[in-house]
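*Asks:* Sequence:
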Amino acid sequence: MNRPARLLAFALSLSTFAPAAGQTPAPPAAQKKPAAKKAEAADPLAESRRVSAISLVSSLTSDARAFRDPVLRARVQARAADVLWDAEKEQARDLFHRAWADATAADEQFGEARARAASRTGPSSRVAGSVRREVLRLAAKRDAELGNEFLAQLDESKKAESGEATAAAAANAPAASGQPFNPDDPPTYMAQRLQLAQQLLEDGDTESALKFADAALYPVNTFGMHFLNTLREKNVAAADQRFNSLLMRAAADPSADANSVSLLSSYPFTPYLYITVKPTGSSHTRQFRGNIAPPQDVDPKVRAAFLNAAAQILLRPLPPPEQDRSTSGRMGAYVVATRMAPLFEQFMPDKAPAIRARQSQLMQETANIGGERDSEILTRGIVPDPPGRDRAQEALTRAENAKDANERDRWYFEAAMSMVERDAAQAREYANKIEDIDTRKQVLAVISFRLVQDAIQEKRSEEALKLARADELTNVQRVWAFTEIARLLGKEQPGRAVEVLDQAVEEAKRIDDAAPERARTLTAIATQLVALDRARAWELMNEVVKSANGLPDYTGEDGELVVRVQFKGGGAMTSNSSAQGFNLAGVFAALASEDFDRASSLARTLKNEAARSAATLAVARSVLVKKQERAAAN
Numbered sequence: 002m003n004r005p006a007r008l009l010a011f012a013l014s015l016s017t018f019a020p021a022a023g024q025t026p027a028p029p030a031a032q033k034k035p036a037a038k039k040a041e042a043a044d045p046l047a048e049s050r051r052v053s054a055i056s057l058v059s060s061l062t063s064d065a066r067a068f069r070d071p072v073l074r075a076r077v078q079a080r081a082a083d084v085l086w087d088a089e090k091e092q093a094r095d096l097f098h099r100a101w102a103d104a105t106a107a108d109e110q111f112g113e114a115r116a117r118a119a120s121r122t123g124p125s126s127r128v129a130g131s132v133r134r135e136v137l138r139l140a141a142k143r144d145a146e147l148g149n150e151f152l153a154q155l156d157e158s159k160k161a162e163s164g165e166a167t168a169a170a171a172a173n174a175p176a177a178s179g180q181p182f183n184p185d186d187p188p189t190y191m192a193q194r195l196q197l198a199q200q201l202l203e204d205g206d207t208e209s210a211l212k213f214a215d216a217a218l219y220p221v222n223t224f225g226m227h228f229l230n231t232l233r234e235k236n237v238a239a240a241d242q243r244f245n246s247l248l249m250r251a252a253a254d255p256s257a258d259a260n261s262v263s264l265l266s267s268y269p270f271t272p273y274l275y276i277t278v279k280p281t282g283s284s285h286t287r288q289f290r291g292n293i294a295p296p297q298d299v300d301p302k303v304r305a306a307f308l309n310a311a312a313q314i315l316l317r318p319l320p321p322p323e324q325d326r327s328t329s330g331r332m333g334a335y336v337v338a339t340r341m342a343p344l345f346e347q348f349m350p351d352k353a354p355a356i357r358a359r360q361s362q363l364m365q366e367t368a369n370i371g372g373e374r375d376s377e378i379l380t381r382g383i384v385p386d387p388p389g390r391d392r393a394q395e396a397l398t399r400a401e402n403a404k405d406a407n408e409r410d411r412w413y414f415e416a417a418m419s420m421v422e423r424d425a426a427q428a429r430e431y432a433n434k435i436e437d438i439d440t441r442k443q444v445l446a447v448i449s450f451r452l453v454q455d456a457i458q459e460k461r462s463e464e465a466l467k468l469a470r471a472d473e474l475t476n477v478q479r480v481w482a483f484t485e486i487a488r489l490l491g492k493e494q495p496g497r498a499v500e501v502l503d504q505a506v507e508e509a510k511r512i513d514d515a516a517p518e519r520a521r522t523l524t525a526i527a528t529q530l531v532a533l534d535r536a537r538a539w540e541l542m543n544e545v546v547k548s549a550n551g552l553p554d555y556t557g558e559d560g561e562l563v564v565r566v567q568f569k570g571g572g573a574m575t576s577n578s579s580a581q582g583f584n585l586a587g588v589f590a591a592l593a594s595e596d597f598d599r600a601s602s603l604a605r606t607l608k609n610e611a612a613r614s615a616a617t618l619a620v621a622r623s624v625l626v627k628k629q630e631r632a633a634a635n
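Heads up: the sequence shown runs through residues 2 to 635, numbered per the numbering used here.
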């Protein structure tokens, strides 16, 4: 289902530039004229292309008002506003308002369905608003004031919506007692702000991201901590300041509990790993990155401040069990105390005995509760694996003791995946022990694709080429691999890269004409050909258009690779990875850089409104949006 500040920095640059121009008009004019003349001399057609690009977007937005799908209307107008912002700010602002109105209408279309669902299952903070969130992100990136305006309207809408859902649920169910704050599912107003802030942060707009996030970081919650961990990579001082503020607030807040400590611990010790535990002992783990090792440059004062705050919270007098209203309860407090104890022993040994004593007390009080007492969750990310630990062998041992074939197959899967990076042949051997034929095939495909992905990531092009020919790979996976290998070979071995793309074409043409994967894979091939053989790229794009026009639901924007294992006894493992090369934006932007008029004409031949809009905006973006912003958008 991975663009690292533009919004406030842009606003500031305008505000500082305008007064300077007003106070000393002569020097700026004298400085800018030679640059402008030089730019015009270097590219005399630049202004003509700019005017054409504005006209192209204006025409698209006029067409978009007639689109039947309100989601598409909103999306196209918002993206058009983003593209036009530097060139035609007032027109862009008007488009943002129109997009917001259409997005509101699109979200409200689902209102009745949500209300019916609420009457059956109770209200949820995860209500719709996804279209408005998309518009909000683009608007906030360009204008913080406009973003706040839309966010306030969204907050009000969510409050009203939540009230309606609660009323519907109350009419069909007994009144429920008030629920404590859920740190893993914060209220909508917090979730909305943090989601927008995270998107802005990943877009590189740190200042605007902070403006939206600050009001939603406390009470401590999963998404606020994820924001801080991401912020730390960009601005350690800003992240440390906010983290220290959270520590002081939590230490002084009687409602802060073990889950608060668990989430706060992610900042100095397990970044991007977030664990919460319910009073029943069941846990919820979210891991947003593969590497959860503690940052090597953590300020010892920050670490000590966390441990002091954690001790204050974990060592508070316990209320009687029947009066415990914490989100963690006794069992959650036991799990968190167990996880924190090794950290106290290493970094603050004077408090370790008290933490261990509280852990023992909680263990006795929760003796009759199931849950995570012997689970890996007690040490994950805190205590390193012992030297020589063999997870594959552990899985094989459990497979031998499995109660049935389905459970045994699952453990063979775990054993195989544990061996992929160490010994591919051994991993395949374990996979072949899986009894269910369909599951076995899926696992072997996962192994093959993981190996080719790793080879490409490590730029081992020859090995990747060999692995790409594995029988277990699908046509789509093989085309993706060939195009990525061609990208690796392109600069030093362009002829060889073209040969690999020839193989990719043969593979793509084996895909059914009626499958959207055919158009996507041909798009990926054309994207790589632009730099290697532009004539062939233009030729292949005619096939892309022909294939796309035969697919009524083709959007040109949903490129991704999905690898899935469905277990016979229930459950599944799904891995989604982005495949940007499958999308139209990249290839149309590249073609427009060579021939703007021809690319815009080609975009107009796409029949599907969504695909045509995506291609057209990519062509216009290549002219109207600064290069660094185009890279972030793609």
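No lab work stands behind these hints: they were computed from the structure.
Glycine is no exception: its CB is placed at the ideal position from the N, C-alpha and C atoms.
Hints are supplied without guarantee of correctness; some may be wrong.
As the list claims (entries may be wrong) - In silico DMTMM-like pairs for lysine to aspartate or glutamate, Cα to Cα no more than 25 Å straight-line:
#	residue 1	residue 2
1	LYS404	GLU422
2	LYS212	GLU377
3	LYS569	GLU459
4	LYS547	GLU493
5	LYS608	GLU518
6	LYS434	GLU463
Said to hold, decoys possible - Label-pair distances were calculated between CB atoms; the ranges are:
#	residue 1	residue 2	range
7	GLN313	LYS434	26 to 36 Å
8	ASP254	LYS627	40 to 50 Å
9	LYS627	SER60	30 to 40 Å
*Asks:* All the hints need checking, so say for each whether the structure fits it.
*Replies:* Now the hints, each set against the structure:
For the suggested pair LYS404 and GLU422, the alpha carbons sit about 29 Å apart, so the restraint of at most 25 Å is broken. Under the criterion of a C-alpha separation no larger than 25 Å, the hint pairing LYS212 with GLU377 is inconsistent with the structure, at around 38 Å. Distance restraint check for LYS569 and GLU459: the Cα-Cα separation of roughly 34 Å exceeds the 25 Å cut-off, and the hinted pair is therefore not satisfied. For the hint linking LYS547 to GLU493, the alpha-carbon distance of about 33 Å lies beyond 25 Å, and the restraint is violated.
Distance hint between LYS608 and GLU518 is fulfilled; the C-alpha atoms sit about 17 Å from each other, no more than 25 Å. For the proposed pair LYS434 and GLU463, the alpha carbon gap of about 30 Å is over 25 Å, so the pair is violated. Look at GLN313 against LYS434: about 51 Å separates their beta carbons, and that is not inside 26 to 36 Å. Range check, ASP254 to LYS627: about 44 Å between beta-carbon atoms, so the 40 to 50 Å window is met.
Here the CB-CB span from LYS627 to SER60 is close to 23 Å, at odds with the stated 30 to 40 Å.
Checked against the numbered hints listed earlier, the structure breaks hints 1, 2, 3, 4, 6, 7 and 9; every other hint is satisfied.
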